[in-house]
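J.: The lines below spell out each chain.
Number of protein chains: 2
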Amino acid sequence: LNILWMGVRLLRESMGGLMDEALPAAELERLQACLHAAMAGAIQIHALKTRRAGRLVFAEFHLVVPGEMPVREAHAICDRLEATLQQALPTAVVTIHVEPETQAE
Amino acid sequence: LNILWMGVRLLRESMGGLMDEALPAAELERLQACLHAAMAGAIQIHALKTRRAGRLVFAEFHLVVPGEMPVREAHAICDRLEATLQQALPTAVVTIHVEPETQAE
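In order, the protein sequences belong to chains H and W.
Residue numbering for the first sequence follows the numbering used here, starting at 1 and increasing by one per position.
Residue numbering for the second sequence follows the numbering used here, starting at 1 and increasing by one per position.
Honestly, I wouldn't trust all of these hints.
Only pairs whose alpha carbons sit at most 25 Å apart, straight line, appear in this in silico SDA-like list of lysine to any residue [said to hold, decoys possible]:
| # | chain 1 | residue 1 | chain 2 | residue 2 |
| --- | --- | --- | --- | --- |
| 1 | W | Lys49 | H | Val57 |
| 2 | H | Lys49 | W | Trp5 |
| 3 | W | Lys49 | W | Cys34 |
| 4 | W | Lys49 | H | Ala40 |
| 5 | W | Lys49 | H | Trp5 |
| 6 | H | Lys49 | W | Ala83 |
| 7 | H | Lys49 | H | Glu60 |
| 8 | H | Lys49 | W | Ile77 |
| 9 | W | Lys49 | H | Leu4 |
| 10 | W | Lys49 | H | Ala33 |
| 11 | H | Lys49 | W | Ala76 |
| 12 | H | Lys49 | W | Ala53 |
| 13 | H | Lys49 | W | Asp79 |
| 14 | W | Lys49 | H | Leu23 |
| 15 | W | Lys49 | H | Asp20 |
| 16 | W | Lys49 | H | Ala83 |
| 17 | W | Lys49 | H | His62 |
| 18 | W | Lys49 | H | Thr95 |
| 19 | W | Lys49 | H | Ile3 |
| 20 | W | Lys49 | H | Gly7 |
| 21 | H | Lys49 | W | Gln86 |
| 22 | W | Lys49 | H | Thr84 |
| 23 | H | Lys49 | H | Ala92 |
| 24 | W | Lys49 | H | Thr102 |
| 25 | W | Lys49 | H | Val93 |
| 26 | H | Lys49 | W | Val8 |
| 27 | W | Lys49 | H | His97 |
| 28 | W | Lys49 | H | Gly54 |
| 29 | H | Lys49 | W | Gly41 |
| 30 | H | Lys49 | W | Leu56 |
| 31 | H | Lys49 | W | Ala92 |
| 32 | H | Lys49 | W | Val93 |
Calculated directly from the structure, the hints in this document are not laboratory data.
Looking at chain H on its own, in the form it has when it is part of the complex:
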């Protein structure tokens, strides 16, 4: 019977990887904390989404900055946050969507 349960659990875990499962809540909180510690210059980080896909973790979030900030400057913040996230989670593939303050979605 134990073997049956082990089989079910293994199957569930591997299906999770196929079915766009997010990371566990504790892991998400750890990543949020890393991002918040490194977001100087930006106003807000929101809509953090993660999904496991085999060995990789795809992560994306929205970064809110002042509307008049030049794209060059916003992108420098993106690069820093991307590096931070990849340090916290080496298998992360990061996509950041930048939003002006007045239109955060």
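Knowing the structure of chain H, use the given hints to seat chain W on it.
T.: Below, chain W without anything else, positioned relative to chain H:
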């Protein structure tokens, strides 16, 4: 034997939905054309990636704009491109990463 092949094909198709399969090349080209027609103000669109997940299609790409463009203005272009893509493909969930001209990745 035919039934067997049909079964294999059905399985392959449904697995494709689970395994981050991109859209067919012809469909990708159609979306590229729509995006290029609506990208006024931007310099380049690249790294278009799509994946089916059940009924939805997740699409993301990089949008290159002049580095000194304000984020507000770049985001207005994003909104327009997002609407264009959703018109061409109503089930699309779109994520755009904006890059300054000098650092297109």
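J.: Please go over all the hints and tell whether each is borne out by the structure.
T.: For each hint, the structure was consulted:
1. W/Lys49 to H/Val57: holds (16 Å)
2. H/Lys49 to W/Trp5: Violated - the C-alpha atoms of W/Trp5 and H/Lys49 are around 38 Å apart, more than 25 Å.
3. W/Lys49 to W/Cys34: Roughly 15 Å separates the two Cα atoms, so the pair holds.
4. W/Lys49 to H/Ala40: violated (30 Å)
5. W/Lys49 to H/Trp5: Violated: W/Lys49 and H/Trp5 sit about 38 Å apart, past 25 Å.
6. H/Lys49 to W/Ala83: holds (21 Å)
7. H/Lys49 to H/Glu60: OK: H/Lys49 and H/Glu60 at ~5 Å, within 25 Å.
8. H/Lys49 to W/Ile77: Satisfied, since the Cα-Cα distance of roughly 23 Å is no more than 25 Å.
9. W/Lys49 to H/Leu4: violated (39 Å)
10. W/Lys49 to H/Ala33: Not OK: W/Lys49 and H/Ala33 at ~29 Å, beyond 25 Å, violated.
11. H/Lys49 to W/Ala76: holds (23 Å)
12. H/Lys49 to W/Ala53: Holds, because 15 Å separates the two Cα atoms, which is no more than 25 Å.
13. H/Lys49 to W/Asp79: holds (20 Å)
14. W/Lys49 to H/Leu23: holds (22 Å)
15. W/Lys49 to H/Asp20: holds (16 Å)
16. W/Lys49 to H/Ala83: holds (21 Å)
17. W/Lys49 to H/His62: holds (18 Å)
18. W/Lys49 to H/Thr95: Holds, because 12 Å separates the two Cα atoms, which is no more than 25 Å.
19. W/Lys49 to H/Ile3: violated (40 Å)
20. W/Lys49 to H/Gly7: violated (34 Å)
21. H/Lys49 to W/Gln86: holds (20 Å)
22. W/Lys49 to H/Thr84: Holds: W/Lys49 and H/Thr84 sit about 24 Å apart, inside 25 Å.
23. H/Lys49 to H/Ala92: With Cα atoms ~12 Å apart, H/Lys49 and H/Ala92 stay inside 25 Å; holds.
24. W/Lys49 to H/Thr102: Violated - the C-alpha atoms of H/Thr102 and W/Lys49 are around 28 Å apart, more than 25 Å.
25. W/Lys49 to H/Val93: holds (13 Å)
26. H/Lys49 to W/Val8: violated (33 Å)
27. W/Lys49 to H/His97: Distance ~15 Å between W/Lys49 and H/His97 Cα, so the pair holds.
28. W/Lys49 to H/Gly54: holds (18 Å)
29. H/Lys49 to W/Gly41: violated (29 Å)
30. H/Lys49 to W/Leu56: holds (16 Å)
31. H/Lys49 to W/Ala92: holds (17 Å)
32. H/Lys49 to W/Val93: At roughly 13 Å apart (the allowed maximum being 25 Å), W/Val93 and H/Lys49 satisfy the hint.
Hint check: violations occur at hints 2, 4, 5, 9, 10, 19, 20, 24, 26 and 29; the rest are consistent with the structure.
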